[in-house]
Amino acid sequence: MITLCVLYYFRRLSWLSRDQHWINSLLGCIMTNGVWEIKEISLANSTVQLCVSANPNIHPQAGQYFLTFSPQMDEPLAVPLFFAGTSNTDWILSGQISTQWQPGTRLHWRGPLGHGFQLPPASRRVALVDWKTQAYSLPALVSLALAQDANVVWYSHRLPEWLPPSVEVLPLESLADAWDWADYLAIECDYKDIPQLVAALMTSSSRKPGCITEFLLRTSLTCGGMAECGVCAVRTKTGLKLACKDGPVFNTDQLELTV
Amino acid sequence: MNGDVRPELFLSPGWMNAAGFLGFTPLAGSSIGQSPVAFVTNPISYKPRTSAADRFCSPFPGGFLLHTGWPNPGFRKAVKQYSARWARSEVQVYVHLLAEQAHEVNQMVRALEETDGAAAIELSLPPTTKDDLRLQLVKAALGELPVTVCVPLDQVNAAWVGEVVDLGISWLVVSAPRGMVRNGTGGFARGRMYGPGLFPQMLQAIGCLRAYGIPFVAGSGVYDQQSIQALLSAGASAVQLDAVLWRGWEIENSG
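Chains as they are written, first to last, in the numbering used here: chain A, 38 to 296; chain B, 8 to 262.
Everything labelled a hint here was simulated from the structure, so no lab data went into it.
For each residue, glycine too, the CB sits at the ideal point set by N, CA and C.
Wrong hints could be hidden among the right ones.
[As the list claims (entries may be wrong)] Selected chain B positions facing chain A (in silico; Cβ < 7 Å):
#	residue
1	57
2	64
3	78
4	165
5	195
6	202
7	222
8	250
9	254
10	255
[As the list claims (entries may be wrong)] Quick look at which bits of chain A chain B covers, simulated, 3 or more residues with Cβ under 8 Å:
#	region
11	107-119
12	257-269
[Stated by the list, open to error] Calculated cross-link-like contacts (lysine-lysine; reagent style BS3-like; alpha-carbon spacing at most 25 Å):
#	chain 1	residue 1	chain 2	residue 2
13	A	282	B	137
14	B	146	A	274
15	A	76	A	169
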């Protein structure tokens, strides 16, 4: 336990941010399970969010997810819920939430699963990109970035009404400018949209990114790493990786990005 | 029956995972709070396979359709990588082989006979193939280890099943049926069907399976403990669980 606490401390320092996957692998052992009761369901910027009691022993990162299911309902698969932030002593979770879930519904969960975003503490110019999705995890990065006095720009195809006034909102058409300005870029997009995204980001696939860039790739997260079933496989420079356990957040240096 | 002595293996009543649902090596615990009676590896092919380019998971009312391409490192690498853990496993390990060519099946099975840790061979046959090729593939697998053959739920009545049974396999396993969904571009996508909506069909198939006169492992659509008990009471020797292992069930009601 002491070793894991030390590892957690090192991860919070984040000076290892780009080479710390071995630490995250060990921290993955902290994954646990339990039961939540949904406190509240709300709609924020077209995204349905859940509010549940935070577990003080777990510290999920933006981009990590929990696999959840309600035993009262006949759902064949667990629903991935992404950590979207905190509110007092509660967690905000986001995902493709069942329409049958109501406040008071019990949810069995396991997690946090996968690798999340690694916002470097030194970053002062943070660009967050909601690439034609309903961003599940980026909201958690907004508060983290603002807490470290970073300037934050949100790129989106829609105007999010919930963003703090200090966050600048820009359209996706101006995304290529992010390279020149940002020192950290976090993107949430469907895996199938990668070619369009890369085309918008770079004039050619060989162009080097100018800042630390991480992608949350939205794909089916069915087994949560239990089976290596391969349905969430993502092309990387070292072959196919599984989004459910090697992701869903990947560094741009890992990914095979082709236009 | 062809008169050959069928290799014996006691099949304990209880649950085991369906191939493809718990990886290549047994886990320390289970998501459903009970210990399995055996562990079935992910499907292993003779040559390495990567995830299918058109992989998908598509829900439908009562279940979901899954197409993955059964990615695996290939037989040689899988044995090298996992056989030590199979040998150390506290539960019996059944190695699931994807049968494509008879000579490949023969090579894989002979190698497994020399490998510690493999208690039985579970064979899945290509989804679209002629009956005589199916028989060749099963014949190639017969040997010192017990051989079990997967029969998709929608094919338990097919003529080839009785012929396979007559070759001297040890038991049958009911596996996921195949289905199609619209793929969003106007076409159709094929995959394996899972989910609680299949359970009534599984229960209905029991009568047919009993008629074959050999043990069988029921599978498909099992999402709660009552379903396991129902299948065992109806004559199944054991039950395979699939996607419920990823989802979990309510352990506190496990009585």
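Hint check results:
no. : hint          : result
1   : 57            : holds, 6 Å
2   : 64            : holds, 4 Å
3   : 78            : holds, 4 Å
4   : 165           : violated, 26 Å
5   : 195           : violated, 18 Å
6   : 202           : holds, 4 Å
7   : 222           : violated, 26 Å
8   : 250           : holds, 6 Å
9   : 254           : holds, 4 Å
10  : 255           : holds, 6 Å
11  : 107-119       : holds (count 6)
12  : 257-269       : holds (count 10)
13  : A/282 / B/137 : violated, 39 Å
14  : B/146 / A/274 : violated, 41 Å
15  : A/76 / A/169  : violated, 29 Å
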